[in-house]
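Student: Which chain is which? The protein sequence lines are A and B, in order.
Using this note's numbering, the final residue of the first sequence is 1053, and nothing's skipped along the way.
Using this note's numbering, the final residue of the second sequence is 1053, and nothing's skipped along the way.
Among the hints, a few may not be true.
Claimed, not checked - Distance ranges between label pairs, derived from CB positions: (1) Lys848(B) with Arg1013(A): 30 to 40 Å; (2) Asp566(A) with Ala709(B): 22 to 32 Å; (3) Tyr942(A) with Arg797(B): 53 to 63 Å; (4) Arg1013(A) with Gln753(B): 49 to 59 Å; (5) Arg1013(B) with Ala673(A): 39 to 49 Å; (6) Gly1005(A) with Glu574(B): 16 to 26 Å; (7) Cys641(A) with Gly821(B): 56 to 66 Å; (8) Leu873(A) with Gly1005(B): 30 to 40 Å.
Unchecked claim - With the Cβ distance kept under 8 Å, some of the chain A side facing chain B (calculated, not the full set): (9) Asp566; (10) Pro597; (11) Leu968.
Said to hold, decoys possible - With a Cα cut of at most 35 Å, we get these calculated DSBU-like pairs of lysine-lysine: (12) Lys868(B) with Lys818(A); (13) Lys1050(A) with Lys1050(B); (14) Lys901(A) with Lys973(B); (15) Lys534(A) with Lys1016(B); (16) Lys775(B) with Lys1024(A); (17) Lys775(B) with Lys868(A); (18) Lys1016(A) with Lys1016(B); (19) Lys868(B) with Lys875(A); (20) Lys615(A) with Lys901(B); (21) Lys986(B) with Lys818(B); (22) Lys1024(B) with Lys1050(A); (23) Lys1037(A) with Lys875(A); (24) Lys818(A) with Lys649(A); (25) Lys1008(A) with Lys1016(B); (26) Lys901(B) with Lys1024(A); (27) Lys818(A) with Lys848(B); (28) Lys788(B) with Lys1016(A); (29) Lys973(A) with Lys901(B); (30) Lys683(A) with Lys531(A); (31) Lys875(A) with Lys994(B); (32) Lys798(B) with Lys1024(A); (33) Lys534(A) with Lys788(B); (34) Lys764(B) with Lys798(A); (35) Lys798(A) with Lys766(A); (36) Lys818(B) with Lys1037(A); (37) Lys1024(A) with Lys788(B); (38) Lys764(B) with Lys788(B); (39) Lys531(A) with Lys652(A); (40) Lys798(A) with Lys1024(B).
Hints listed in this document are in silico derivations from the structure and should not be mistaken for laboratory results.
Ideal Cβ positions, reconstructed from N, Cα and C, are used throughout, including at glycine.
There are 2 protein chains.
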Amino acid sequence: MKVGLAQLNIHVGNFRANTDKIIKAIQTAEAQGAELVVFSELGVCGYPSRDFLEFDDYINKCKEAIDEIALHTHNIAAVVGAPSRNPRVDGKDLFNSAWFIYGSKVQQVIHKTLLPTYDIFDEARYFEPNCVFELVEYKGKKLAITVCEDIWNVGNENPLYIACPMDELVRLKPDLMVNLSSSPFSYQQYEERMKVVYANCKRYNLPMIYVNQVGAQTELIFDGGSVVVSEKGELIEQLPFFQEEVRVVEVGEKPKPITYHLPSKTALIHDALVMGIKDYFGKLGFRKAILGLSGGIDSALVLCLAVKALGRENVMSVLLPSAYSSGHSVDDSLALVKNLGSPHEIIPIEEPFQTYLKTLQPLFKGLESNIAEENLQARVRGTLLMAMSNKFGYILLNTTNKSEAAVGYGTLYGDMCGGLAVLGDVYKTQAYELAHYINRDGEVIPSNIITKAPSAELRPGQKDSDSLPEYDILDKVLYQYIEKRHGPRELVGMGFEKALVDRILKMVNMNEWKRFQAPPILRISPKAFGMGRRMPIEGKYLG
Amino acid sequence: MKVGLAQLNIHVGNFRANTDKIIKAIQTAEAQGAELVVFSELGVCGYPSRDFLEFDDYINKCKEAIDEIALHTHNIAAVVGAPSRNPRVDGKDLFNSAWFIYGSKVQQVIHKTLLPTYDIFDEARYFEPNCVFELVEYKGKKLAITVCEDIWNVGNENPLYIACPMDELVRLKPDLMVNLSSSPFSYQQYEERMKVVYANCKRYNLPMIYVNQVGAQTELIFDGGSVVVSEKGELIEQLPFFQEEVRVVEVGEKPKPITYHLPSKTALIHDALVMGIKDYFGKLGFRKAILGLSGGIDSALVLCLAVKALGRENVMSVLLPSAYSSGHSVDDSLALVKNLGSPHEIIPIEEPFQTYLKTLQPLFKGLESNIAEENLQARVRGTLLMAMSNKFGYILLNTTNKSEAAVGYGTLYGDMCGGLAVLGDVYKTQAYELAHYINRDGEVIPSNIITKAPSAELRPGQKDSDSLPEYDILDKVLYQYIEKRHGPRELVGMGFEKALVDRILKMVNMNEWKRFQAPPILRISPKAFGMGRRMPIEGKYLG
């Protein structure tokens, strides 16, 4: 059977655009001889639709889209993801469903069984789990259709779940597995995902068509990478990462294995961040970005990523030197914008800063200069960038990295301003890897920027290491605490010094209030700050 | 049987303080002759502990606290709320449990069955539901112990749930119902809650001891209001709202009904907000607040509430007049701080504002003054307030109301600054009710402040009504959309004008990005912005 895999960049709630895109993909697949075309999970409305799902009107719009799509399935069947209503009074109002549509009609609706409710997933908030298992019969083949997480409890090895939908479905003797996914990118997710697909094919001795959403929805970046795997667990077809594509594949007849194409981890993170920026702007209807270029590695990286995503002419860099800025900060920044060919402005912050000091002098007189004056400089920069943003329609990109966000090393309403935090899930040590990757074919980021000691330059001769542990140690402790959720006793057991562990964990927990007001962060790790990590602000634990 | 109701103000993650408080309450109850003392849901660690629950170390600390508490139950039994580990490999790792402790030992652990997963609740994220039903036998009585939501499906009338724990337990012939709750305040929750308690008592013909958490945990405010209700559904005992108390009650012997004491809705909202401020400061270890006093009703209200919560000497008002501020703004503000006897400063913003304009002049020249200059003034104010905050250790209170937050009428990093948004769940029309309530025994807020037309005063003669629909209409539409989740078609069906509905809903949806960076909001409604309302930023639905 010839099957189309429609790996589409869906826009949450944009029913007109999504419906048009789905219909076009059906036509493309049909023109290439496909008899069936498979879309991603909740593809009609986009994933995650979040609390839009609580609006009756939104669910009605999903059904109207399905009805419109159905009109284009006269000669080809489509499996489309959309919510469906639970006819029972008790339980949640919705199922997360795969709609099997053919002959201009909805033929069957299959519901998701395993509802992820952890990290960034909130499915138990909206959906009732399925408990009825049935196949879809089409052109003499029996299809076992599942939705995303449903294939993630293979062999009951996933401790989260008791049910195993494919164990149920395989008793009905299917010929082919079809999975609709919206599986967001992290730097380990694409490997986990392939393991799961291979394991299913081998366990059930069935081929699988696996279609993933592509594109970013603010924090979440979906990488695509849809595949077809044979019943022997051989890769037959692979769609690209971070690109839309409709590809038609002959499934089941003498499969010809191919080699899995896997870019480096750093390359994937790079491409994820570029798509994250691009879709944030594209889906919100913006075109132009602005950022403050400090001469440090983080802002240099954000500029490179934004230029890649939006085009050099659409990214304005602003150099905002102060009395404490080193000469090389300006020179290095100028060298970078020259390398990229992108526009820049220079706005010294000294005058507004001094005026604030004068205005506050009656209140501050006799008091020593401290964090208040340091933050003031950062806030002058934030205010100037936002004034540019408001006047010219630029969206401000935030350059805070994950190490800084973790320990609260940054000024709220200052360098923490911005519409999108590009590096908020990238540790400082990972930032260096990205910089080297960007320079892989020649120097884009001047080597000075990469080699200098990190500094906020808010007082004379300041270095990050004055206030923070060295980043290579800091990042290791943060990783164990944030990604691995190890507590202080475990960390000390791993060999980290107790005083250091206590200091770092206290900094992380004390700064929940600050992160609460941070911009949305592009998620590239299995545990990012943002919707997937929900901490009490007033919590006293280790704080 | 004499039973103690321990309505305590628990601090999330503060195991030392919570354990001490629980032990002290056991001793108090015992001294008053109680044989049993009941605490609130998850009282050992606090509700909501959120993702702290994912740390093994946190769960260990809960168990250590239980073990310490147990040592004080030699002559009195205690029912204490804490997580417990799920011994099964499959499913979530934890139960949300009531620990029955007596004779210095844990005797029995009862698990919660109905796990709320909607609005601000995320229990399916952490907990496995119970499916084993048993009573606790103690001194010849059989206790049916349930946890919070477990009593909220009485007569299976709650469409969210299929199970009904009390229907199961009643088959085992209990003598008494005991419920441990952490039921957060909203202006309709206390009535719903009493209906549920009464309905349970009548349906099962059993008395109930209902103990609720009290105190605020950043966004969520728990109002207490614990009760004892007889098997006939008569109120026997009522603990106060918004106050800690340990009260010992004789249960079951010739109950003497009392009248339910219910303050007005506005009085409860007032007290909730005062407790919200007080606990935010107390639990985070802060003492002093600062706010910008504009001469408008919102900042006047926040000042009054903060003075009530923190003491007049601990709330600094700053008047930040601009060239566009009307003379009465300053006079009215001065009259207010005089009435309250609280300190103030005046910092004109003209100089920093003009310096910014001068600094930006090379870039802005020839362009008309617009939103950029308006926002600039708001940001100068935010920066000055934050400088005061950093220098003197004040925490900035945000004064944005729910109507403004809904439609994005406010400047990010300007008047949207602050550690806590006191009125972020209070519509403008409700703000007037609160102001009248504060003035109930004489003028505290000058009448000028209440009667003048709302204005941001960012350009000459500006009024809110230039950019927004009148608040009485706006708030009605917002209420239907936000609290009631009615879509555009339903709103038009209710008689609202289509163009107005479309305009308002678009403003709400377009401003998710702005609200994302707003301070935490004290929740007083059934649907507040914040953790209970999760919307996609890039969503295109009605946006």
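Student: For a C-alpha distance cap of 35 Å, please report whether lysine 818(B) and lysine 1037(A) respect it.
Tutor: Not satisfied, since the Cα-Cα distance of roughly 40 Å exceeds 35 Å.
Student: Would you say the C-beta atoms of tyrosine 942(A) and arginine 797(B) sit inside 53 to 63 Å of each other?
Tutor: Because 42 Å falls outside the window, the suggested range is violated.
Student: Hinted pair, alpha-carbon criterion (35 Å max): lysine 764(B), lysine 788(B). Please report holds or violated.
Tutor: 40 Å, violated
Student: Given the hinted pair lysine 818(A) and lysine 848(B), is their alpha-carbon gap at most 35 Å?
Tutor: 58 Å, violated
Student: Sort out whether lysine 1016(B) lies within 35 Å of lysine 1016(A), counting only the CA atoms.
Tutor: 41 Å, violated
Student: Tell me if proline 597(A) is really an interface residue toward chain B, meaning its C-beta lies closer than 8 Å to one of theirs.
Tutor: 12 Å, violated
Student: With a cut-off of 35 Å on the C-alpha distance, tell me whether lysine 534(A) and lysine 788(B) pass.
Tutor: 57 Å, violated
Student: Are the Cα atoms of lysine 1008(A) and lysine 1016(B) separated by 35 Å or less?
Tutor: 52 Å, violated
Student: Assess, step by step, whether the Cα of lysine 615(A) is no farther than 35 Å from the Cα of lysine 901(B), and give holds or violated.
Tutor: Measuring from Cα to Cα gives roughly 68 Å; hence the hint is violated.
Student: Regarding the pair lysine 901(B) and lysine 1024(A), is the alpha-carbon distance no greater than 35 Å?
Tutor: 17 Å, holds
Student: Going by Cβ atoms only, is aspartate 566(A) closer than 8 Å to chain B?
Tutor: 6 Å, holds
Student: Would you mind confirming whether the straight-line C-alpha gap from lysine 875(A) to lysine 994(B) stays at or under 35 Å?
Tutor: Violated. Lysine 875(A) to lysine 994(B) sits at ~53 Å, over the 35 Å cutoff.
When the structure is compared with the earlier hints, violations turn up for hints 1, 3, 4, 8, 10, 11, 13, 17, 18, 20, 23, 24, 25, 27, 31, 33, 34, 35, 36, 38 and for no others.
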